[in-house]
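Colleague: Protein chains in written order, with the numbering used here: chain R, 886 to 1037; chain L, 886 to 1037; chain X, 886 to 1037; chain Y, 886 to 1037; chain B, 886 to 1037; chain E, 886 to 1037; chain A, 886 to 1037; chain S, 886 to 1037.
Note that these hints are calculated values from the structure, not bench results. Don't take every hint at face value.
Said to hold, decoys possible - Restricting the straight-line Cα-Cα distance to at most 30 angstroms, the calculated cross-link-like pairs of lysine-lysine (DSBU-like) are:
#: 1; chain 1: L; residue 1: K1036; chain 2: X; residue 2: K963
#: 2; chain 1: B; residue 1: K963; chain 2: B; residue 2: K976
#: 3; chain 1: L; residue 1: K976; chain 2: L; residue 2: K963
#: 4; chain 1: R; residue 1: K976; chain 2: L; residue 2: K976
#: 5; chain 1: E; residue 1: K963; chain 2: E; residue 2: K910
#: 6; chain 1: E; residue 1: K974; chain 2: S; residue 2: K976
#: 7; chain 1: B; residue 1: K976; chain 2: A; residue 2: K976
#: 8; chain 1: E; residue 1: K976; chain 2: E; residue 2: K1036
#: 9; chain 1: E; residue 1: K963; chain 2: X; residue 2: K963
Protein chains: 8
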Amino acid sequence: MSGLNVYLSGEIHTDWREQIEQGAKAAGLDIVFTAPVTVHENSDDCGAVILGEEERTFWRDHKGAKINAIRTRTLIGKADIVVVRFGDKYKQWNAAFDAGIAYALGKSLIVLHDLSLTHPLKEVDGAALAVAETAGQVVEILAYVLTGDLKR
Amino acid sequence: MSGLNVYLSGEIHTDWREQIEQGAKAAGLDIVFTAPVTVHENSDDCGAVILGEEERTFWRDHKGAKINAIRTRTLIGKADIVVVRFGDKYKQWNAAFDAGIAYALGKSLIVLHDLSLTHPLKEVDGAALAVAETAGQVVEILAYVLTGDLKR
Amino acid sequence: MSGLNVYLSGEIHTDWREQIEQGAKAAGLDIVFTAPVTVHENSDDCGAVILGEEERTFWRDHKGAKINAIRTRTLIGKADIVVVRFGDKYKQWNAAFDAGIAYALGKSLIVLHDLSLTHPLKEVDGAALAVAETAGQVVEILAYVLTGDLKR
Amino acid sequence: MSGLNVYLSGEIHTDWREQIEQGAKAAGLDIVFTAPVTVHENSDDCGAVILGEEERTFWRDHKGAKINAIRTRTLIGKADIVVVRFGDKYKQWNAAFDAGIAYALGKSLIVLHDLSLTHPLKEVDGAALAVAETAGQVVEILAYVLTGDLKR
Amino acid sequence: MSGLNVYLSGEIHTDWREQIEQGAKAAGLDIVFTAPVTVHENSDDCGAVILGEEERTFWRDHKGAKINAIRTRTLIGKADIVVVRFGDKYKQWNAAFDAGIAYALGKSLIVLHDLSLTHPLKEVDGAALAVAETAGQVVEILAYVLTGDLKR
Amino acid sequence: MSGLNVYLSGEIHTDWREQIEQGAKAAGLDIVFTAPVTVHENSDDCGAVILGEEERTFWRDHKGAKINAIRTRTLIGKADIVVVRFGDKYKQWNAAFDAGIAYALGKSLIVLHDLSLTHPLKEVDGAALAVAETAGQVVEILAYVLTGDLKR
Amino acid sequence: MSGLNVYLSGEIHTDWREQIEQGAKAAGLDIVFTAPVTVHENSDDCGAVILGEEERTFWRDHKGAKINAIRTRTLIGKADIVVVRFGDKYKQWNAAFDAGIAYALGKSLIVLHDLSLTHPLKEVDGAALAVAETAGQVVEILAYVLTGDLKR
Amino acid sequence: MSGLNVYLSGEIHTDWREQIEQGAKAAGLDIVFTAPVTVHENSDDCGAVILGEEERTFWRDHKGAKINAIRTRTLIGKADIVVVRFGDKYKQWNAAFDAGIAYALGKSLIVLHDLSLTHPLKEVDGAALAVAETAGQVVEILAYVLTGDLKR
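Based on the provided sequences and hints, a complete structural model is requested.
Modeller: Laid out in structure tokens, this is it:
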């Protein structure tokens, strides 16, 4: 198997994406990783900065969310696998929303979260093809999927 | 327009579903409302009770979540409109996950939440055709959609 | 053939819908006709009246347009045939937008307009299965499609 | 994110396409832009010139519109993003028709028009992920979507 | 199994439809049969009679063919099974065209023709779930599919 | 939730279908059950009996399998839930084949088999929303999905 | 616009494919042309030669037709445009069958035939985006679609 | 025709994949072959090794099966042709399950098995475009499909 396209959705305040990307690079895996815009302030402000400020925060957020959706929908649509990371802070409803879209589009879903979040994430986990607790496990899954080799 | 099928997803600890259903009934609207199983303990225990207990809570939750998915996927698939309610408690990732599925399937999405939740819900709101703050507004939307009448 | 579902999109300032519906009724045709909300002020105001006024007209229109979309997308999705009427006034971009959606969803498209509008409507006409100049012709098409009888 | 395919639909009498393409080039963005045939007389005459003249202008237009559709449907189908420009002249129903097709196919829709056209375009705007007033804003959206950088 | 929707496409100059419908009725089968307009002159003339005569026969045929397509596409879309009959006269390209549409839409295809037509119909037969030589065989297939009973 | 359509695929030599249907009836569940033809000899012979004997058993089987497919594809397409039963005898590849089709069509899949078959069925189980060991469990799942009640 | 994939279906006894391919090459058009196997005896014999002879010609043809379908379905699926040529000899039902498949898959359809075949081909023509009489016209359409230039 | 993507599903205990790949290579065919992980112990253990051991073999198998599904679903989705091999040992339900998925996704299906397995595989064979008995025949089919040449 020669090459995967993997979208990394969810938490933007820890370095889990870098861990996965570096792990994959270290393992020599032929994977294109994509992600939403992870610079928090840009993601929040893009609508207002580009299309003009709004008095109501609802519309300010609305314009930003939709511009971000241009990127995220396009990338989820091109992905073979969508990895969704849930951390222990914030609401992260956008992560669960992305997971729902990915699932409905027939993408292979991998969910990454601590065991402590199992109960509230059971519906998302139930739709996933793998539930990992560490970025390292995600790398090992991707390595196995691509190469068939298993590091025992 | 004669009849709508509306799925009510999300929060199960307040009476927002009853408010919408009674409001629609009072207005004489021809709507079939459906919902997930809203008896919390049944929803949590169905997997273990029917298919057997599990030692690990992960698998206990897993079996339950999937049985619930038989109901929710079937009903979302049949719905014209999916209303998703977010309250101020709990993680509610399953609500956002349902919203993602509904959106990807092309269902008309109505989101119901307090103004205070606007920022974390901006991605879900951005995909919705209406964002309401009260159950009464949802009823008025459904009434208008069905009849074209507008209570001014 | 027993029964058709026909959505009547476009112009709301003349009585073309009534002409078609009465013609079909007079001919005893088993057809369910649906339409957008045709009370102009309700269609314009629904967002602001139900979900609250907006200072900027852009967002006022936006909220209304999306609530109307709940109705129009649902009805176009259920229709076998979409008739789109273009009059000689107003921009009517929503009519052409509906036509594009209907075409992409594989609905049978009938366009109704005066010969004088042929040139600017050539792309829409090119996607249609019939281009009529009068409401009476639309009735005759529907009668023929349903019954196979041809009034010579 | 590495590369986008953007279809530029609508108005052909101003240089908005050139502005967007040059802006994207100046910003070093990896974007393939496509468009309908924008030489007006070729677009009008292609059917008659290639397949033979027609006495009735209806069929003359019809043949041309369909040949143009071979190009536009193919390109919209391949696009990640469809930008639709509405100017202040002409009926431009083909632009709204393209927007409807793009929306129904799940393409990310960006609409470009003056604020003065807001009301008649509210249905199209309501389906869009961004509504811009200038070609420069479209370039900034595309730059942000591709790179995540925001020019403040 | 309770009820089938069967579209009968193809030859209109023999009574094969009546044979199948009467056989199904005699066997008490719960089947809704549909068909194109089988009055040849109406099928040929509908475009010109309803929408006006044309000087060129190409456009006369074109308008009629498209109005007939409103009926046939709608009915094929609703059918569970499409039976296509090829006789020994005429070109019958519309029958093969219907078969292609039905196959691509995932309909169960039954082809009905004499053994002598096997070679030129091999591609259509190759896509069919049954190739029958007599109307009686089609009735027996439908009876078996509905009831599971087999008349030995 | 008001009514389910459940297709019962697989083993035809034991009475598991009757157990499920009687259990559902006893529980007063509003379910339409469908199934392939379960009279083994009819299922094997239908092609040869209706369309004529074949010298080669390959073609004899081929004709029969395709006629049976008219029924099974139609019913799987209409089902909300597909239950697939694997017994301890025979190859039962058609059951696994049906499961693959149902899964790819997005149907909710319930698999029913003894624990001893877990290893060879792990891929099918992995795609299922429930894996039951007894017909009684299937009835309880269907009851819970329909009513939300849980028999503890 | 940079490159098209064009499938050339239909008649295999004249050199119309060569005319189109040479015309496109002479015009410097970036087009990949594909086609069914056009060596008649190979197309007829492939099933029997590879998978073994059959006593009944029905099965001999059947095996060949299905192997050919592996090629034709794959190529039609990859094509942007499907050109279907009808000559004045043979039944050519496979050409009309291909046209139906291509149409249902949303491919742009160009039909090529003499004016004398207009009446029996009216249903196929009615679904096409262009109806040409000469291979040269097809080349000019492809050139215009790709480049926008019109040879007057 | 320039290049095919062929997924080789099924039996992993004989060298049929190598035979096909070497045959294709010897014939100079431009084909990318893909396959599931064929190292049996890795395929069985991947879930437990990467995501942790399980006490119950059901969940051990479950985790492994789903990780394998990430690979198999991705590759089947990218394939033009899916070849499914059934040997005379083991249950091989995963092979039949893959065949069902491939068929429902509209992939061209080639089945490879001994004549002795015809009866239990008749439903899978009935959905296939070719049923081969030897790896050499599969190579010849692929060669013919790609080149049109027939080795007589």
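Colleague: Give a verdict on every hint.
Modeller: Results for each hint:
1. L:K1036 - X:K963: holds (27 angstroms)
2. B:K963 - B:K976: holds (26 angstroms)
3. L:K976 - L:K963: Satisfied, since the Cα-Cα distance of roughly 26 angstroms is no more than 30 angstroms.
4. R:K976 - L:K976: Roughly 7 angstroms between the alpha carbons, so the hint for K976 (chain R) and K976 (chain L) holds.
5. E:K963 - E:K910: holds (21 angstroms)
6. E:K974 - S:K976: holds (10 angstroms)
7. B:K976 - A:K976: Judged against 30 angstroms, a Cα distance of about 7 angstroms means the pair holds.
8. E:K976 - E:K1036: Since the Cα atoms of K976 (chain E) and K1036 (chain E) sit roughly 35 angstroms apart, the hinted pair is violated (cutoff 30 angstroms).
9. E:K963 - X:K963: Holds, at roughly 17 angstroms.
Comparing the model with each earlier hint shows a violation of hint 8 alone; every other hint is respected.
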